[in-house]
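Chains A and B, in that order, are what the protein sequence lines are. All residue numbers for the first sequence refer to this note's numbering, where the first residue is -3 and numbers rise by one. All residue numbers for the second sequence refer to this note's numbering, where the first residue is 7 and numbers rise by one.
No wet-lab data here; the hints were simulated from the structure. Some hints could be false.
Said to hold, decoys possible - Some but not every residue of chain B turned toward chain A, in silico, with C-beta under 10 Å:
#1 VAL31
#2 ILE38
#3 PRO61
#4 ALA74
Stated by the list, open to error - Pairwise CB distance ranges, derived in the manner of DEER restraints:
#5 GLN59/B / GLU157/A: 40 to 46 Å
#6 ILE83/B / ALA20/A: 46 to 52 Å
#7 PRO33/A / VAL30/B: 37 to 43 Å
#8 LEU169/A / ALA82/B: 52 to 58 Å
#9 ILE83/B / LEU13/A: 41 to 47 Å
#10 ARG39/B / GLY207/A: 40 to 46 Å
#11 VAL182/A / VAL30/B: 24 to 30 Å
#12 GLN17/B / GLU157/A: 40 to 46 Å
#13 LEU24/A / LEU42/B: 21 to 27 Å
#14 VAL46/B / ALA15/A: 38 to 44 Å
Where a beta carbon is used, it is the ideal one built from N, C-alpha and C, also for glycine.
Residue strings, one per chain:
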Amino acid sequence: MTARQRLWFFAIAAAGLVACLLWAFTGLPGFGNYPGPYGQEILRQAVAQTHATGVVSAVNFEYRGFDTVGEEFILFTAAAGMSVVLRRLRKERQTEPAEEAGTRTIPATSSAVRVAALLLVGPTAVLGWWLASHAQTSPSGGFQGGVILASAFILVYLAGEFLTFRRLSPVALLDAVEAAGAGGFVAIGLAAIAMNLPFLDNYLPLGQYPGAISSSGTIALISFFVGIEVAAAFTAIIGELLEQTLLRRA
Amino acid sequence: MISAGLMNTLQVTVLVLVAAGATVVVRTRSRIRQVLALSVYGMLLAILFLAFQAPDVTLSELTVGAIALPIILLLAIAKVRKREQ
Chain A
-3 MTARQRLWFF
7 AIAAAGLVAC
17 LLWAFTGLPG
27 FGNYPGPYGQ
37 EILRQAVAQT
47 HATGVVSAVN
57 FEYRGFDTVG
67 EEFILFTAAA
77 GMSVVLRRLR
87 KERQTEPAEE
97 AGTRTIPATS
107 SAVRVAALLL
117 VGPTAVLGWW
127 LASHAQTSPS
137 GGFQGGVILA
147 SAFILVYLAG
157 EFLTFRRLSP
167 VALLDAVEAA
177 GAGGFVAIGL
187 AAIAMNLPFL
197 DNYLPLGQYP
207 GAISSSGTIA
217 LISFFVGIEV
227 AAAFTAIIGE
237 LLEQTLLRRA
Chain B
7 MISAGLMNTL
17 QVTVLVLVAA
27 GATVVVRTRS
37 RIRQVLALSV
47 YGMLLAILFL
57 AFQAPDVTLS
67 ELTVGAIALP
77 IILLLAIAKV
87 RKREQ
């Protein structure tokens, strides 16, 4: 197929796609007009029902909590699969020690990077923890907080060395925290079943008034478990990748 | 409160920036530069979500698009480079 023919082929396909898209666009509801009934209904009910002013968290961890359990285990499975795959690679390298003898010298980390990273570790950890523990009152949640918490560990690596990173986040600890986070989420749901309530039903006291840190019952607790699970999973994934890439340096 | 007209201008501006950012990511040839462009693109997407009043998605996009994904990609590139040598 010549370049010219390919261009024609693309032009016909692109024209078809544009036509279909334009046709589909004409059937869309107007910009900003949400036609479904659930959004308005949730907005009316959620704060009174859950005492969570972060309505997105109420939706994520309560109204569709079962879906979130599934999403949680996607990350859990990804981290587990990652460590399984990379473990095999580590063994492969052990049989090939000759490859380790590189002549390349690795430049030392500059002080500017070290100082900047070191200064950011504390604020990053606090921000991550704050986001993970304030799902009930803000649009944050365990997932976002967890990723930021994990990036605090990456800053430790940038500021120091891989060994410091590993000492702060040993694999066994990460695995335990990750499992506790994922398991804690499911355990909260199963506890509801044990009390003859639907799975993940909000059985804890909702707190005195909406918007308080202690409000929202299981929502805040689930967000906490999601936070530690995500933080451990991401730190484990990055740690495995760092180990793969920088073993010679450590 | 921000007026509706200003909000519309902001939304259109960010949409144009996102389209431009996506083009830059696709057109960048060097792998490392492409990852950095992707990180900036993640920031732009986060601003887009904020402009469309979805602060929760903004936070997710910020953490995953601008932090987690670029780091994983950079490490993967470093690993492949080490193989090639």
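Each hint, compared with the structure:
Here the hint on VAL31/B is broken, as its CB sits about 20 Å from the closest CB of chain A, past 10 Å. Residue-level restraint check for ILE38/B is violated (minimum Cβ-Cβ distance to chain A is 14 Å; threshold 10 Å). Annotation: PRO61/B was flagged as interfacial toward chain A, and the flag holds, the nearest CB pair being 4 Å apart, inside 10 Å. For ALA74/B, the suggested interface contact is upheld, since its CB lies about 6 Å from the closest CB of chain A, less than 10 Å.
In this structure, GLN59/B and GLU157/A meet the distance hint of 40 to 46 Å, their C-beta atoms being roughly 43 Å apart. For the hinted restraint 46 to 52 Å between ILE83/B and ALA20/A, the CB-CB distance of approximately 37 Å leaves it violated. For the hinted restraint 37 to 43 Å between PRO33/A and VAL30/B, the CB-CB distance of approximately 41 Å keeps it satisfied. Here the CB-CB span from LEU169/A to ALA82/B is close to 25 Å, at odds with the stated 52 to 58 Å.
For ILE83/B and LEU13/A, the hinted distance range of 41 to 47 Å is not satisfied, since their beta carbons lie about 32 Å from each other. Between ARG39/B and GLY207/A the C-beta distance comes to about 45 Å, which sits within the given range of 40 to 46 Å. Distance hint for VAL182/A and VAL30/B: a CB-CB separation of about 43 Å, inconsistent with the stated range 24 to 30 Å. Against the hinted window of 40 to 46 Å, the Cβ-Cβ separation of GLN17/B and GLU157/A comes to about 45 Å, which satisfies the hint.
Checking the proposed 21 to 27 Å range against LEU24/A and LEU42/B shows it is violated: the Cβ atoms sit about 35 Å from each other. In this structure the supplied range 38 to 44 Å is violated for VAL46/B paired with ALA15/A, their Cβ-Cβ distance being about 33 Å.
In this structure, the hints that do not hold are numbers 1, 2, 6, 8, 9, 11, 13, 14, in rising order.
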